[in-house]
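A.B. asks: Residue strings, one per chain:
There are 2 protein chains.
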Amino acid sequence: MTAVSSSVEPTPLRIGIAGLGTVGAGVVKMLRDNAALITARAGRRLIVTAVSARDRTRDRGVDLSDVAWCENAADLAAHPDVDVVVELVGGAEGIARKIVTGALENGRPVVTANKALMAIHGAELATLAQKADVPLMFEAAVAGGIPAIKTVREALAGDRILKVGGILNGTCNYILTAMRETGRDFADILADAQKLGYAEADPSTDVDGVDAAHKLAILAGLSFGRPVVFASVYIEGIRRIGALDLHFARELGYRIKLLGIARQHENGIEARVHPCLVPNTTPIAQVDGVFNAVVAEGAFVGRLMLEGRGAGEGPTATAVTADLIDIARGNAIPVWGRSTDGLTQAVALPRAQFSGRYYLRLNVVDRPGVLADITAVLRDDGVSLHTMLQHAHARETLPDDSHSVPLVLITHHTSEAAMLHALRHIAQLKSVLDEPAMIRIEGD
Amino acid sequence: MTAVSSSVEPTPLRIGIAGLGTVGAGVVKMLRDNAALITARAGRRLIVTAVSARDRTRDRGVDLSDVAWCENAADLAAHPDVDVVVELVGGAEGIARKIVTGALENGRPVVTANKALMAIHGAELATLAQKADVPLMFEAAVAGGIPAIKTVREALAGDRILKVGGILNGTCNYILTAMRETGRDFADILADAQKLGYAEADPSTDVDGVDAAHKLAILAGLSFGRPVVFASVYIEGIRRIGALDLHFARELGYRIKLLGIARQHENGIEARVHPCLVPNTTPIAQVDGVFNAVVAEGAFVGRLMLEGRGAGEGPTATAVTADLIDIARGNAIPVWGRSTDGLTQAVALPRAQFSGRYYLRLNVVDRPGVLADITAVLRDDGVSLHTMLQHAHARETLPDDSHSVPLVLITHHTSEAAMLHALRHIAQLKSVLDEPAMIRIEGD
Numbered sequence: 001m002t003a004v005s006s007s008v009e010p011t012p013l014r015i016g017i018a019g020l021g022t023v024g025a026g027v028v029k030m031l032r033d034n035a036a037l038i039t040a041r042a043g044r045r046l047i048v049t050a051v052s053a054r055d056r057t058r059d060r061g062v063d064l065s066d067v068a069w070c071e072n073a074a075d076l077a078a079h080p081d082v083d084v085v086v087e088l089v090g091g092a093e094g095i096a097r098k099i100v101t102g103a104l105e106n107g108r109p110v111v112t113a114n115k116a117l118m119a120i121h122g123a124e125l126a127t128l129a130q131k132a133d134v135p136l137m138f139e140a141a142v143a144g145g146i147p148a149i150k151t152v153r154e155a156l157a158g159d160r161i162l163k164v165g166g167i168l169n170g171t172c173n174y175i176l177t178a179m180r181e182t183g184r185d186f187a188d189i190l191a192d193a194q195k196l197g198y199a200e201a202d203p204s205t206d207v208d209g210v211d212a213a214h215k216l217a218i219l220a221g222l223s224f225g226r227p228v229v230f231a232s233v234y235i236e237g238i239r240r241i242g243a244l245d246l247h248f249a250r251e252l253g254y255r256i257k258l259l260g261i262a263r264q265h266e267n268g269i270e271a272r273v274h275p276c277l278v279p280n281t282t283p284i285a286q287v288d289g290v291f292n293a294v295v296a297e298g299a300f301v302g303r304l305m306l307e308g309r310g311a312g313e314g315p316t317a318t319a320v321t322a323d324l325i326d327i328a329r330g331n332a333i334p335v336w337g338r339s340t341d342g343l344t345q346a347v348a349l350p351r352a353q354f355s356g357r358y359y360l361r362l363n364v365v366d367r368p369g370v371l372a373d374i375t376a377v378l379r380d381d382g383v384s385l386h387t388m389l390q391h392a393h394a395r396e397t398l399p400d401d402s403h404s405v406p407l408v409l410i411t412h413h414t415s416e417a418a419m420l421h422a423l424r425h426i427a428q429l430k431s432v433l434d435e436p437a438m439i440r441i442e443g444d
Numbered sequence: 001m002t003a004v005s006s007s008v009e010p011t012p013l014r015i016g017i018a019g020l021g022t023v024g025a026g027v028v029k030m031l032r033d034n035a036a037l038i039t040a041r042a043g044r045r046l047i048v049t050a051v052s053a054r055d056r057t058r059d060r061g062v063d064l065s066d067v068a069w070c071e072n073a074a075d076l077a078a079h080p081d082v083d084v085v086v087e088l089v090g091g092a093e094g095i096a097r098k099i100v101t102g103a104l105e106n107g108r109p110v111v112t113a114n115k116a117l118m119a120i121h122g123a124e125l126a127t128l129a130q131k132a133d134v135p136l137m138f139e140a141a142v143a144g145g146i147p148a149i150k151t152v153r154e155a156l157a158g159d160r161i162l163k164v165g166g167i168l169n170g171t172c173n174y175i176l177t178a179m180r181e182t183g184r185d186f187a188d189i190l191a192d193a194q195k196l197g198y199a200e201a202d203p204s205t206d207v208d209g210v211d212a213a214h215k216l217a218i219l220a221g222l223s224f225g226r227p228v229v230f231a232s233v234y235i236e237g238i239r240r241i242g243a244l245d246l247h248f249a250r251e252l253g254y255r256i257k258l259l260g261i262a263r264q265h266e267n268g269i270e271a272r273v274h275p276c277l278v279p280n281t282t283p284i285a286q287v288d289g290v291f292n293a294v295v296a297e298g299a300f301v302g303r304l305m306l307e308g309r310g311a312g313e314g315p316t317a318t319a320v321t322a323d324l325i326d327i328a329r330g331n332a333i334p335v336w337g338r339s340t341d342g343l344t345q346a347v348a349l350p351r352a353q354f355s356g357r358y359y360l361r362l363n364v365v366d367r368p369g370v371l372a373d374i375t376a377v378l379r380d381d382g383v384s385l386h387t388m389l390q391h392a393h394a395r396e397t398l399p400d401d402s403h404s405v406p407l408v409l410i411t412h413h414t415s416e417a418a419m420l421h422a423l424r425h426i427a428q429l430k431s432v433l434d435e436p437a438m439i440r441i442e443g444d
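Heads up: the protein sequence lines correspond to chains R and F, in order. The numbers in UniProt numbering rise by one with no breaks, and the one at position 235 of the first sequence is 235. The numbers in UniProt numbering rise by one with no breaks, and the one at position 329 of the second sequence is 329.
Because the hints were derived from the structure by calculation, they are not lab data. Quantities reported herein were computed from a predicted structural model and do not represent experimental measurements. Hints are supplied without guarantee of correctness; some may be wrong.
Within a straight-line C-alpha distance of at most 27 angstroms, the following computed DSS-like cross-link-like pairs (lysine-lysine) qualify [unchecked claim]:
| no. | chain 1 | residue 1 | chain 2 | residue 2 |
| --- | --- | --- | --- | --- |
| 1 | F | Lys29 | R | Lys163 |
| 2 | R | Lys29 | F | Lys29 |
| 3 | F | Lys98 | F | Lys29 |
| 4 | R | Lys195 | R | Lys163 |
| 5 | F | Lys163 | F | Lys131 |
| 6 | R | Lys29 | R | Lys131 |
Kindly generate the complete structure, drawing on both the sequences and the hints.
C.D. replies: Here it is in structure tokens:
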């Protein structure tokens, strides 16, 4: 907190931005539109001095005539007029990794919005940052405008975090919300989302849960003090959620959300991303559409939920700018919340060690004895049933004039190992027509 | 971010705590229970070296035998074994103010949970802190375990905040939630809350809205860069909310919450605390019981909501400890988010400049012409009606054998000046039996 005298202007913070997509252009706009405000808050001016992007001619709605243009983005890492490098290129490898590594090796602070890079190479980058004694900031990498990283790494620094996660992908939350509200199928709603710009042309990173898993791995790393081996995070997307599942979920008092969940156990760290049934009455069930929610639970603080926009120009630019102001103010926090001395990555618990309650939807032949067969399998595998639902109205006639009917089962708390065992046996029953659908239940 | 070598232990941060109530004892517990974690995160040990409290003999569940005891709390400000003073005495004047002022004058960082002190003397204390170039931290003063101050002062530092506020008092939220769930009256539920420890023996600071106003004034000061003159904040508590209002609110699709609301307008800062009808479908309507919620809306970030426990040992200790770790890490932010040079306090807009939609509940004589009289008054004062509700089932017989009936009116957007004018005229009508009840509508 240095007093700002009106006669001598403090040195401005000179910023180089690699990547001028929506977020990059948003950062330039924010730094200009709010220049007076930001100067007052940071104690000095924040100015963009150099930029780099693929296409120099594209109109980004911001005037870049007084800014140096680097043809090669990696040159920003050593540019003479740059104090801080902002990496907004994206991707875990290639140019993004080169820029961040290069800047840190040159002893320059880095701000990045790159979740894949931090999730996969976070341990190595933290070591570089500590060696150079410069901050590596990445608030924008998790949940856009929600201060997830600041909350976990600073606000909860005194507490032992037991659980962290939430709704970490707006595309999936938009699709699941629209499926629930319209009763329409995944493919339909995805096509709409693509038209509206809520989903990419290739939606797999979002709908297959990878994007949420990147963010979860970062949150787990911050919460438990060491990055998680990304490949060990269990990931399951939302492509297999059917309109019927949303129908049954509603009937049973649940909503379906793609959740990231990380917990600290005595025998290791659990980290998983998959669709979940969450009770209607929980706060996270109310978070709809493109909104994200980050939940953290601490031994002392209890349950904390942060809800806001997880993507888009304005929210993400706000996160990047907050990091820049922290740097301008001279504040820094170790990358994973503590020194990297002796830092090792944590391998997440294997799926066989998960446990919980499960929702199963089977398509079965509608004839006597089928229920007895299924319940016998569950009994033999040690899975006990809580609820069973069967709806005659969803009955369909099969080619051989027999009928199929959906059957929904909710289990008591059980191990995932037992559940998978039972599922294999159930799938082998002749009276079970399709691959059974399984969704985990969370929060009750 | 200083590398911690394993051979030389960095200097510990020595803490003096004034006030050993629930929160003070919680901080001591947290620093001890989580000592290894906190040392790793802060880069050095945080140790309590001196304390002061009224009663030395009381059992607080923590061993204080190795800690210096100051008979006079003000001595902590100059104690030779103290680097940071934690003020948990409370109250805007007296010993609390003396300790904080004294510590800052001695060039010592201060952490306080004192909302009244910061709301009323925040400008003067900020000037002292800036003069001494030491941090004055107060995360625990607003909404307990919710990182409200960190979010507004750091995470949103790049954005222009348009609106800030939320559910800032857990006692009021508990009472309003219980009134809704049980249909019982304010006095009944308050008595229960007192038995359960959710309300004080003298509940006025909570139920009259003063505590929420302290927190709102702090949030407004942080959001808009200068503290608000506390006496200019409009405050209205929840004592006049009746079981009937909760009944009608439910019927109309609303919940009733005590909200703090601060907005930046071209002509000044609006800051007010009062009960509100909020639509059922809004996220803030779902925040029930003792939970708090802080909402901030920025030009770039959009709407952000933080929900968690606003009081109690664990959450408040978490906030105090986060401030201590920030200080141990060497991080500091100016008290009101910017330099105090030329700092002046803002006077909040007077009530006559408010505007919005209003809920009115009248108790009227059930006879022809009454509605015509009331609607004529509203028309003459320029207030236009959106909805009207009258329930025969709530009809009561009066001593003269006529009947009274509750009448509920919802207005369109109007100025509070016009509304107050109309209310005065309505109260003068012979057919209107009791003082009209007016509740503002927020968020639709």
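A.B. asks: Now look at each hint and say whether the structure bears it out.
C.D. replies: Each hint tested on the structure:
1. F:Lys29 <-> R:Lys163: holds (21 angstroms)
2. R:Lys29 <-> F:Lys29: violated (46 angstroms)
3. F:Lys98 <-> F:Lys29: Holds, at about 26 angstroms.
4. R:Lys195 <-> R:Lys163: Not OK: Lys195 (chain R) and Lys163 (chain R) at ~36 angstroms, beyond 27 angstroms, violated.
5. F:Lys163 <-> F:Lys131: violated (30 angstroms)
6. R:Lys29 <-> R:Lys131: violated (33 angstroms)
The structure fails hints 2, 4, 5, 6 (numbered hints given earlier, in ascending order).
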